[in-house]
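If you read the protein sequences in the order shown, they are chains A and B.
Residue numbers for the first sequence, in the numbering used here: 1 to 547.
Residue numbers for the second sequence, in the numbering used here: 548 to 859.
Among the hints, a few may not be true.
Claimed, not checked - In the SDA-like style, the derived pairs of lysine to any residue whose C-alpha atoms are separated by at most 25 Å in a straight line are:
# : chain 1 : residue 1 : chain 2 : residue 2
1 : B       : 780       : A       : 190
2 : B       : 782       : A       : 294
3 : B       : 852       : A       : 539
4 : A       : 468       : B       : 852
5 : B       : 780       : A       : 14
Bear in mind the hints are in silico, worked out from the structure with no lab data behind them.
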Amino acid sequence: MAAADTPMERTMFVRKATGLVKGWSVFDAFIYSAFAINLMALGFGYAFTGIAVFPEAGLIAAIVLSGLFIIFEVLTYASLIAVMPRAGGDYVWQSRVFGGGIGFVLAATGWWFILWHWVPIYANIMIIEFIQPILNVLGKNGTGTFDAAWWNPVHGTGIFIASLATAVIAAVAVSIGMRNYARFQKWCFYGAMAGLVIMLALFLFHSKADFASAFNKQTDIFGSHDPNAYAKTVAAGHAAGVDYKGFGAFPLKATFLLIPFMLFYNLWPNWGATLYGEVRGASDFRKNIYAMGGALVFTTIVVVITFAAMAHAMGFNFYGILSGEYWAAVTKAPTYWFPYPGMLAAMFIGNGFFQVVFLLLLSLWFFGWAGSVFLSSTRMIFAAAFDRILPEWAAKVDDRTHVPIAALLLMLVPSIPISYLYAYNSSFYGYTLDATVVIAITYFGTTLSAIVLPWRRREIYQASPIAKYELAGIPLVTIAGVIFGGFLAFCGYKWFSDDSYGINHSNSLKYMAVLYVIAIAIYVISRVVRRREGIDLAMINSEIPVE
Amino acid sequence: MRVFFATDIHGSETCWRKFLNSGTHYKADVLILGGDMTGKALVPVIDDGNGHWHGTLQEQRRDLHGDDEVKAFELDVIRRGYYPFRTTPDELAELEADSERLDELFHSHMLGTVERWMQMAEEKLAGQPQRMFVCPGNDDQFEVDDILAAARRVELAEGRVVDIDGFQMASTGWANPTPWHTYREEPEDVLLERIRSVTSQLTAPPERTILNLHCPPHGSGLDDAPGLDEDLKPKHGGHAPEPVGSTAVREAIEETRPVLSLHGHIHEARGHTRIGPTLCINPGSAYEQGDLMGALIELNGKKVKNFVLTSG
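With the sequences and hints as input, model every part of the structure.
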């Protein structure tokens, strides 16, 4: 027998029994969350360039403010994990609270179908943050096949090849199993952080004059040979009439309008949520908050520091001008840059070899994260197969290799034609802008289930370690859910009502609707088929009376 | 034949009560509880004098005033699968220093609870047609078998073949070695011999045979548990599951090729899979939440006609 650890008085005695593991490492969970809200891949890879759309907004303020709202997402998800620790995610939480139909439709769209569309988005990031910078510093800057410009995301074959590569990387991640992938991801984190520290040092130890000079010189690489490129780029920004605000600016209305862009990068700290072991309690709830919230706070701080370092070296507004130039809001600039800070910092390194090493280290932000595009989906597919909504074969694992073949194929196969359409059909590209929206809707469903949880599943809630946390008699999970749900509702309203976000067009909405109709159809067909077989799917989550 | 199977309720009174009601709820003919029915923790309720008490559950201290509040707290402890006991600060200090006394206290609570549960089963299932089998698991001490064997309404399944409506079920709750050195675990070769000693008694054809083996087969996905370091801490924040099931169990399934194989042991590995013609199921466990995870399976004598995992 062993006594549970408390410093003053024994509050519990545990005996020898299976599963009594010690506490998991907050740092390990923190790494998963930090990778999920990937400041380099998702932040600098897309979200922060949203400043081009709302130049009058305060970018730093939007980053910090959105982070504050996301804290309530962390609270909501940590609460759900504490109440239903082994449930395994949105699908099961929603199913247990609202029933299997709602759970399946929202999870299948948000964790399965939409992630097919994330494959070309990941590929896009791979191109602008890995392929093109490496080719640039190697001097392969022409428009010839496989040269840097050839890979521009608007170019069909380049993005298609990168999509296939992304799908293969994700498939390998699923195939090698979580144990190996977790180990790989940890090493990637250390390498990526080393790259980030070098990048910050490069920005901090150089002046604006150094940057202008390096930038002008860099135009040689792009073949434009312009000794005044920096000044002309700034002038182009002024000529376009855009007036980017300063580092600390906080114009309230415009900043709120920019926030829906920020969700592309910081909506995902819940991917690091975990809970294992038994016979503990509130400390695991707090550990999840520390891990997810810690990753969110850490990432937000690092982003702010990075922008401060960039502002020191190149001027804060210059990032906005480059973003505007990339999204064609600012034209007639001498170069066509994606404002990838890695490439901007690499300009300070004179040696080509060290440039490549530096860019490879930074690319680990992408490679350590790329597997996530399929990993969580396979879990959702398994859970739906275990609930008999999907056929039994969907959960099939190969006896020899332990690879979840069917679930992997259900991710991999559809992602290829979707990547093809993304690459070669210009209107289809617009549909993928819904990628964040569909997952946000799934999170919204989970948030609603969290809000009503204390009443809908009273017994389970009361038996949880968070039952005592309340404010003015209202459960903390409900308060956190209402705030986060309100925040999501605001972003959803803006996405669907404001053309600025590129989502609010009829074809895009119809496309989204088709995804939901497919999910509903699968559930209805499954329910009918199972009923004929003698299984009532409604029975899965029906609670057995205690008395 | 409609079977409801649940497992690893670990002292949760809520789950036991739900299990007793599951036959009616799911219209099952046979109820099988797959092992590890005893709890893992004792929770002291400490007398502070003058009718004041305190106790700590899920790391949250509760100050209790009067018998009603103490009883309510004890009920919360019981619902979660732990055993409350009333004590004084002095007794508690003595208990910390005396592992033998602590052992005795654990045993008396575990066995006392199982005895009470058997009585509850007798009252609850009186007049109902379902048969109920219980097979202790590796976390259950051996005295549990005696209590189950003596029970009137519950049938002990450990180490034997039982006939159920034209089917046969072979059971054992023993497992391969765990890091916790529990009551019923042994090396794989010894475990295989133990299982074979039971399966050799089977006379029914494979399509009418059920294996009820607490430990899941190795590498089946039903045995994925978080990988642990030497200090029993989950590696990689618990994100890196490893197969910890039994090769002996897998071999036994491959040899016997039963229509159905029922497992538990690894609470987080809820799922189903096929090994040859055998449908293998681990319904998982969420006993601390009072959620009875189970599997409802319909057999027609030729195959598994249908099945579904439940969360009741």
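So if I understand the rule, the pair passes when the alpha-carbon distance is 25 Å or less; does residue 782 of chain B with residue 294 of chain A pass? holds, 19 Å
Against the 25 Å threshold, does the CA-CA distance of residue 852 of chain B and residue 539 of chain A hold or violate the hint? Between residue 852 of chain B and residue 539 of chain A the Cα gap is close to 17 Å, so the pair holds against 25 Å.
Given the hinted pair residue 780 of chain B and residue 14 of chain A, is their Cα-Cα distance within 25 Å? Holds, at about 16 Å.
25 Å Cα cutoff - pair residue 468 of chain A, residue 852 of chain B: violated, 45 Å
Is it true that the CA of residue 780 of chain B sits at most 25 Å from the CA of residue 190 of chain A? With a Cα-Cα distance of about 21 Å, the restraint between residue 780 of chain B and residue 190 of chain A holds, given a limit of 25 Å.
Consistency note: the structure conflicts with earlier hint 4 alone.
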